[in-house]
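J.: Residue numbers (this note's numbering), protein chains in the order written: chain A, -14 to 367; chain B, -14 to 367; chain C, -14 to 367.
Any given hint could turn out to be false.
Copies of the same chain are indistinguishable here, so a pair counts whether it falls within one copy or spans any two.
[What the hints assert, rightly or not] With a cut-off of at most 30 Å between alpha-carbon atoms, the simulated DSBU-like pairs for lysine-lysine come out as follows:
hint, residue 1, residue 2
1, Lys41, Lys8
2, Lys189, Lys8
3, Lys41, Lys189
4, Lys336, Lys353
Source of the hints: derived by calculation from the structure; they are not laboratory data.
Computed from a predicted model, the values in this text were never measured in an experiment.
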Amino acid sequence: MHDAPDAAETAAMPGFSLGELAKALGARLEGDGGLRITGAAEPQDAGPDRIALAMKPEYAARLAEGRALAALLHDGADWRALGLRGALFVPRPRFAMAHLTRALDPGPDIAPGIHPTAVIDPSAEIGDGAAIGPLVVIGAAVRIGARARIAAHCSIGAGAEIGPDALLHAGVRLGARVRIGARFIAQPGAVIGGDGFSFVTPDKSAVEQMRETLGQVSIPPRAQGWTRIHSLGSVQIGDDVEIGANSTIDRGTIRDTEIGSGTRIDNLVHVGHNVRIGRDCMLCGQVGIAGSAVIGDRVVLGGQVGVNDNIHVGNDVIAAGGSDIYTNAPAGRVLMGSPAIRMEQQLETYKALRRLPRLLRRLEAAEKAARHKSVPKTGDND
Amino acid sequence: MHDAPDAAETAAMPGFSLGELAKALGARLEGDGGLRITGAAEPQDAGPDRIALAMKPEYAARLAEGRALAALLHDGADWRALGLRGALFVPRPRFAMAHLTRALDPGPDIAPGIHPTAVIDPSAEIGDGAAIGPLVVIGAAVRIGARARIAAHCSIGAGAEIGPDALLHAGVRLGARVRIGARFIAQPGAVIGGDGFSFVTPDKSAVEQMRETLGQVSIPPRAQGWTRIHSLGSVQIGDDVEIGANSTIDRGTIRDTEIGSGTRIDNLVHVGHNVRIGRDCMLCGQVGIAGSAVIGDRVVLGGQVGVNDNIHVGNDVIAAGGSDIYTNAPAGRVLMGSPAIRMEQQLETYKALRRLPRLLRRLEAAEKAARHKSVPKTGDND
Amino acid sequence: MHDAPDAAETAAMPGFSLGELAKALGARLEGDGGLRITGAAEPQDAGPDRIALAMKPEYAARLAEGRALAALLHDGADWRALGLRGALFVPRPRFAMAHLTRALDPGPDIAPGIHPTAVIDPSAEIGDGAAIGPLVVIGAAVRIGARARIAAHCSIGAGAEIGPDALLHAGVRLGARVRIGARFIAQPGAVIGGDGFSFVTPDKSAVEQMRETLGQVSIPPRAQGWTRIHSLGSVQIGDDVEIGANSTIDRGTIRDTEIGSGTRIDNLVHVGHNVRIGRDCMLCGQVGIAGSAVIGDRVVLGGQVGVNDNIHVGNDVIAAGGSDIYTNAPAGRVLMGSPAIRMEQQLETYKALRRLPRLLRRLEAAEKAARHKSVPKTGDND
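Start from the sequences, fold in the hints, and give me the full structure.
T.: Structure representation (structure tokens):
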């Protein structure tokens, strides 16, 4: 889009020989293992120092448009015929991508040590080898694990605790007494430990009645303000969790909001107060989970999925993007739609819906015809 | 989730006697009013210095699993039989939670006075007793009320005005000339007073025609750029308003965007330019209100509800989570679905929809049978 | 809402004569071109130094409630009869608003030069005439164009490049190696260049199978963690792009995520990794675009629209607010609903849906009658 030289090339990238990369990826090497690799690229964009990612035949076909000397290929590909000098082969290419990209990631640019502009309470404990960026604020009695990297403008509230090897990108907010395990990653602007959204009216509110009656509100409108329920709980997060940019995880009311180990959360996701999320879940962009919902293990929620408050989503549930989960979902269920139902049933309903307008026209014609037919009949004698 | 000692217990919590707590809650005390209470907990988790929250029989049954000496109980519960030494009784337990949690909330850790790293324009006026945290930026001619607490990394634009007793958590952004009443709370990362999203094309655009014709666009595609309409207005917010983490409230084009007193807004909510929201509304997580919409008083919008631009949502409207409100909604209406219609009607439609695929199969079978039957008839002589 | 003096009036506003404003707007002037104008207002709110915006007869009718001496009027309006001393007329009033508001916008209050509290890497290049606000952090090898204005608390990662005349509001985060063209605007809290959300399991996951089978998952639940695919790519943005408050644009995996020139993005929008967005698009509040989707030119997505990963949305597509786009959309298509289909077809479906419950009742009655009728028939001999 710009004619400027490729900024990515000017940034310091770790270099590898193709043989070293093969070892890092657990890949089978064919050809010249001494080729120097400094990055990865799509086949058509790859220069001679990039490994081209060509794990499908249609990608490999585009190698001729680029200048790659080495590629990650699908099994059976003829690397010599593709004009390469070396190639790597892996049984599950998508999984190899994880190793490859980790090896080639230059990582965030947070200088080792504590930047002089950081504001750190003297009672805070910072682990060995941690890197604290400029203008970071760390409150009283905070404990940060070894080798943590905390980028510019992060703030960490009093009594918060983060395990070893954490990476907090710029502007992350951790509230007071938040506790997080090892290898935590937070993308820029993530907020963990804001207050829960919990209010109550002096007398029963129209919303409470609406929920009891499914829509029949008879309480006359009345001015009664919302009184705040404070969040005495905090947030507890396991090991190997990642939270996306500008996502928000609220503290609990009495106990902590909980996120289990291995769970990954995308950008702009909202997790309400008291929510419990299990292990190894995946919450895609803009998912919203209302207060006190319980999410099992290995649950996958597509983008913009909404989960009602106080419901239970079982282990291994998968919900398609945009689904609204209003009611408890049993383990293993694949959900879709609003309200979310079994995906197969929802797809059948969508199909039927497409045919509904024509159906209505046919039926009305049939009814009209029937009425027309029956009118003379009233005068008949049979 | 961690074996580390409970961080919440190490943080300074205000202590109360059970008798003092009874007075703060307007609760009836039974038993030992001298018990020392430093926090609240769920029955199974409560230690001897915590008041257990056991306002329903099923919660009270779990008191035996914990070590609580005092509890907040439902009327009629036998506190002695539950092994307690004291108990509090309230007519509306959910409401008592508000008082209880306020009493026990240690509050944010913002040191009194102005932190030396804060960057404050000399023309700004800071009220008595205000606490301004580290690395806060306050612009020219800003006026901040008495006892305001402004956490780390907040920025407040020129000419903004905040009433007394405000609490701005870390990283809140207030734009220029924003005006806010008393007792305002903003969660981390909230943005109040970003520019409105308002653009215009030199000639009528396809969108304008689409809106006029409900979908029939005949204007040929044409490259014409969007020209920006600047936001000369700002944002006006009443008293006792709370805005959630990473929510965004845009400034108005000519006049101010307005949010009435007592309105509570959850995380990741978007309020567009020129919107007017009334008093005592509740907007749950990820609600989006497009430009120039008008929302009445006491309106409750569930999570992820969308409100179209330029429409009017009447007083006391309640919309279920995920609803899309495309058209004006009369006062008191309970809404659900996309497009949102009366909840009762929507629930009936959902039920019918579940039966639609089977209905279609029956109808097609019937039509086939009828056709089959009518074929021989054509040859009949009757 | 407050009785305090109008903060907007105390802020320094550039002043114009009505004649100068006419020239800036390309408007036809009638009456006194020497009138002093310091701002714009709605007719009923306008003081004598404000130009009233009264481009429709119903707005002009409210001029009597205010004190305006000059107005922007619809063609044919009689400005003398409306009590004015001068008036401007334009062929397309909505477009004139763009020029008018730009002329009257006091702009952000970022002092020229580099604030002493900014933390700027010595290898960064800052263009002539740039204004860098307090507590800004700029990384190594960053290049910032001439006349850029960067507000408080922004952070810009190593190797990022921004063209001339950029405006970054408070707290914007630009990741490493992000490249942006001329005249870029980012509202507060926008995050450009967070890591993509891309994970893989060692073996085929239930989600992969669900996608292949449309909902039939037979893989038994199994604990297998998500392994992270790192984002080696960055984000490339063209000229004249605007990104809204707290929106997030993720970096690409191998190549860059791309946003074309002239595209405008509202608040809380999520753009996933590898996404390609064309020129002059408009993405309204809370739109979410999943990874690797491709969006054409001049596409308009209403609020809360979701776009599935890996699909293609053609040029000039318009999608109504709340639509979920699960499948490729051809150029020029106007979409609505979940799943999104042609708007006209969707509106017809909605209408049919409203009639469905009654239809079902009629059909059941008819079937019951038919069964009732057919019962004796079984005994008939004809």
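J.: For every hint, state whether the structure bears it out.
T.: So, going through the hints one by one against the coordinates:
{"no.": "1", "hint": "Lys41 - Lys8", "result": "within (22 Å within a copy, 60 Å between copies)"}
{"no.": "2", "hint": "Lys189 - Lys8", "result": "between (65 Å within a copy, 23 Å between copies)"}
{"no.": "3", "hint": "Lys41 - Lys189", "result": "between (61 Å within a copy, 17 Å between copies)"}
{"no.": "4", "hint": "Lys336 - Lys353", "result": "both (26 Å within a copy, 20 Å between copies)"}
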